[in-house]
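As given, the protein sequences belong to chains A and B, one line each in that order.
Counting from 1, position 192 in the first sequence corresponds to residue 192 in my numbering; the numbering is continuous, with no gaps.
Counting from 1, position 277 in the second sequence corresponds to residue 277 in my numbering; the numbering is continuous, with no gaps.
No lab work stands behind these hints, which were simulated from the structure alone.
Treat each hint with caution, since some may be false.
Which chain B residues stay away from chain A? Per the calculated CB distances, all over 12 Å, these [as the list claims (entries may be wrong)]:
1. Ser6
2. Gln79
3. Ala89
4. Arg118
5. Val141
6. Lys214
7. Glu271
Sample of chain A residues at the chain B side, in silico, Cβ under 8 Å [stated by the list, open to error]:
8. Lys20
9. Asp247
10. Glu271
Even glycine gets a Cβ: it sits at the ideal position worked out from N, Cα and C.
Number of protein chains: 2
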Amino acid sequence: MQRLQSYLDSHGIANWPHIKTHKIPAIAQMQIAAGAAGITCQKIGEVEIMAQAGLRNIFLPYNIIGEAKLNRLMELAQQIEISVTADSAFVVDGLAQAAQQHQVTMPVLVEFDTGLARCGVQTPQQAADLAYRIDRQSNLVFDGLMTYPLNERTDSFVQQTRAILEKDRVSVRRVSVGGTPQMWQAHEHPVVTEYRAGMYIYGDRYTLKSGAMKLEEVAFSVITTVVSRPTPDRGILDGGSKTFSSDLVGLDGYGLILEYPQARIYSFSEEHGHFDFSDCLEKPEIGERLTVIPNHCCSVTNLFNEIVAVRDGVVETIWPVAARGAVQ
Amino acid sequence: MQRLQSYLDSHGIANWPHIKTHKIPAIAQMQIAAGAAGITCQKIGEVEIMAQAGLRNIFLPYNIIGEAKLNRLMELAQQIEISVTADSAFVVDGLAQAAQQHQVTMPVLVEFDTGLARCGVQTPQQAADLAYRIDRQSNLVFDGLMTYPLNERTDSFVQQTRAILEKDRVSVRRVSVGGTPQMWQAHEHPVVTEYRAGMYIYGDRYTLKSGAMKLEEVAFSVITTVVSRPTPDRGILDGGSKTFSSDLVGLDGYGLILEYPQARIYSFSEEHGHFDFSDCLEKPEIGERLTVIPNHCCSVTNLFNEIVAVRDGVVETIWPVAARGAVQ
Chain A
1 MQRLQSYLDS HGIANWPHIK THKIPAIAQM QIAAGAAGIT CQKIGEVEIM
51 AQAGLRNIFL PYNIIGEAKL NRLMELAQQI EISVTADSAF VVDGLAQAAQ
101 QHQVTMPVLV EFDTGLARCG VQTPQQAADL AYRIDRQSNL VFDGLMTYPL
151 NERTDSFVQQ TRAILEKDRV SVRRVSVGGT PQMWQAHEHP VVTEYRAGMY
201 IYGDRYTLKS GAMKLEEVAF SVITTVVSRP TPDRGILDGG SKTFSSDLVG
251 LDGYGLILEY PQARIYSFSE EHGHFDFSDC LEKPEIGERL TVIPNHCCSV
301 TNLFNEIVAV RDGVVETIWP VAARGAVQ
Chain B
1 MQRLQSYLDS HGIANWPHIK THKIPAIAQM QIAAGAAGIT CQKIGEVEIM
51 AQAGLRNIFL PYNIIGEAKL NRLMELAQQI EISVTADSAF VVDGLAQAAQ
101 QHQVTMPVLV EFDTGLARCG VQTPQQAADL AYRIDRQSNL VFDGLMTYPL
151 NERTDSFVQQ TRAILEKDRV SVRRVSVGGT PQMWQAHEHP VVTEYRAGMY
201 IYGDRYTLKS GAMKLEEVAF SVITTVVSRP TPDRGILDGG SKTFSSDLVG
251 LDGYGLILEY PQARIYSFSE EHGHFDFSDC LEKPEIGERL TVIPNHCCSV
301 TNLFNEIVAV RDGVVETIWP VAARGAVQ
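Whenever a hint applies, use it, and build me the whole structure from the sequences.
Printed below as a string of C-alpha cells:
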C-alpha cells in the first residue's frame, strides 16, 4: 500500500485504489489514510456500502443504466463526491435526465477502449463527440477520459482526443487508467493523472506472473487441507471452485501451493481441488495443511464472508467482506 | 422436484437431494415435504445451517479431517441423523477417535472412484478393506458405498465389493450415487439404493446440454442489462465472473441469452459479460434487459445473497441463500 502510494506521489499521479479486490471498508480507509485521493468501485452496491462506511470520494467507472440504478446513483451523489463514466449517448442522456431530476451536478468521464475490447468508444473522434454531448447537458460536467488497461495505445488516444477538444476549449482534466500488472509503468505515460489499482493490495498468482509483485509481497492465501490421496501422485484439497473460483486468467493451473511449488492444481470440483504432485520430491500426506496462493484474488475475496488478517503468525483482526456479492 | 421424486419412488430408490445447488433451507424443506428421505450437503458449514433450520437427516459425502471439523461433525451427530464417507484409513481413524470421544455412533460409507479421478478408493478390494476397518471401530458402522457420478462402472464395482464382503457377512446396505445429468438412468442400475441430484432443482445450460431437462423446465436465470455496444456486433452485459462464475463445465461460451439464442457470451471480466451477436438477425440495444441461463447454477447461487422466486411474472418470495460461502 505504502509503496504504490509513494511511487504515484513521486510522479504526481493521484491514487484511486480499486476496492473491488478487497471489498472491505476498513482497508479502503487505510488506503485513504495512506494518501489515496479517493477510491474506485465497480458497482453501485459497492459505492453504497463504502459511502455508508464513511468514504467520501468515489469513482465509479461504469455505465449506469436504468431508472432504479440512476436514482440510487443520484441519491449517493447528494451525499458524497462521486463521478462516473459513459461510452454512449444513451448513457449520457440517462445520466443527464436523472441528474436534473435530483438537482445534482455529475462529473462524467468518457471511457475509451485501448484494445481490451470491453466497453469504451473506439476512436478519439467518438470520445470528443461524447465529451461535447456531456458538456451540453446542464447537470453534467465532462471531467476527462478513462481506460483499462494502461498500455502503449493510451497516450496517443488521449493526445488525439485532447487535440480535437482543445479547438473548442474543452479541457481533459482527468485521465484515469488502471491495472496492477502495469502499475510501475504509470510514470512512463505522461498523459496519466490518476491510477486505479486493485489487486496490488493483496497480490496473487497472476500478479506474480506479471512481475509487478514478488512472492514475499503477496499478502493473500487460502489455507487448505489434503483430504484424499487416491493414487501415488494425485491429491485432493478441501477447496475447489467455490473457494478459488474457476478463474484461469491465462495461467496454467489453478493456484500455487507454497509448500509444494512443483505441484500442479489441474482442476476443481465445487469443493475439491485436484492436484498432481508427480514432480515433487517430497509428497504431501492426507491431513496436511497447505497454503495456496490463488490465481485471482478478486474473485476469491468475493467468495468469502471474512478475511483473516495475520501478522507474524498471529491473527490480528477478522474483516467481514462487507461488499461481497454487491453486483447490483 | 415432483417429477424426480415420483420417478425415484416408482423405482424404490431413496431421494437424497443435494442442497449445494440452492443452499436455501426453505427449498430443502420443500424437498423433504415432497418425499425426500433426507438431504445431502457437501461441507460441515452447510450441514450446520440446514440443521439449525430443522433438517434432521443429512448425508455428508466428504472426508472430514482435523480436530476442529471432527468436533463440529460429532456435535451435529448428537442432534441429528448424519452419515459421512471415507476413502482412506486416515479418515476412518479420525472419525473413530472423534466418535468415541463424543459417544456418538457414526454411519460411514466408503467412497469409490468411477472414473472422475477425484476422491474414492480405486479397487473393490480397497473398498472392502476400508469397510472392514470401519466395522472394527467400536463407534463406527459401515453403511455402504458412495460414488459420483453414476456411470457404467458403478454396478460392477459394487457387485465385486459386495462379493468380497459377503464372505464375511458384512452387508452393503446403502449404495448412494449422484448426478443430475444421469438422474433418469438411475433405474437401469439395479445396485443403486439412493440418489443425490443437486442441479435438477433449478437446471442450467449444462443440464440442458445433458438432455436431462428441457428449456421450459429450467427455473433459474439472471436478469442483466446491455450496458454498452462498442461495435456493431459486440455487446457488454452488466454481469461477469462475479455474477456467473467462470465455470465453463465443458461448454462453449458462458451462458444462454434467451432473447438472443444465437448470441455468444465469449468472455467475462468481473462485472462485464462480453457477447457477440453477429449471428443474430435482430440486434440488442443499449439498455435492453436480457435473461441469461448460466452454464452452472451451483456456482451462480453461491455468488448471490438472495434468490428471487417468480411465478407467472410475479415475485412470490425472496429467499436468502443461507449457506452461501459455507465452505468450511
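Right, here's what the structure says about each hint:
1. Ser6: holds (28 Å)
2. Gln79: holds (23 Å)
3. Ala89: Label violated. Min Cβ-Cβ 9 Å, cutoff 12 Å.
4. Arg118: violated (5 Å)
5. Val141: holds (21 Å)
6. Lys214: Holds, since 25 Å exceeds 12 Å.
7. Glu271: Not fine: 5 Å to the nearest Cβ puts Glu271(B) too close to chain A.
8. Lys20: Hint on Lys20(A): holds, closest Cβ of chain B at ~6 Å, below 8 Å.
9. Asp247: Nearest chain B Cβ about 5 Å off; hint holds.
10. Glu271: Holds: closest Cβ of chain B sits about 5 Å from Glu271(A), inside 8 Å.
Going through the hint list in order, the structure does not satisfy hints 3, 4 and 7.
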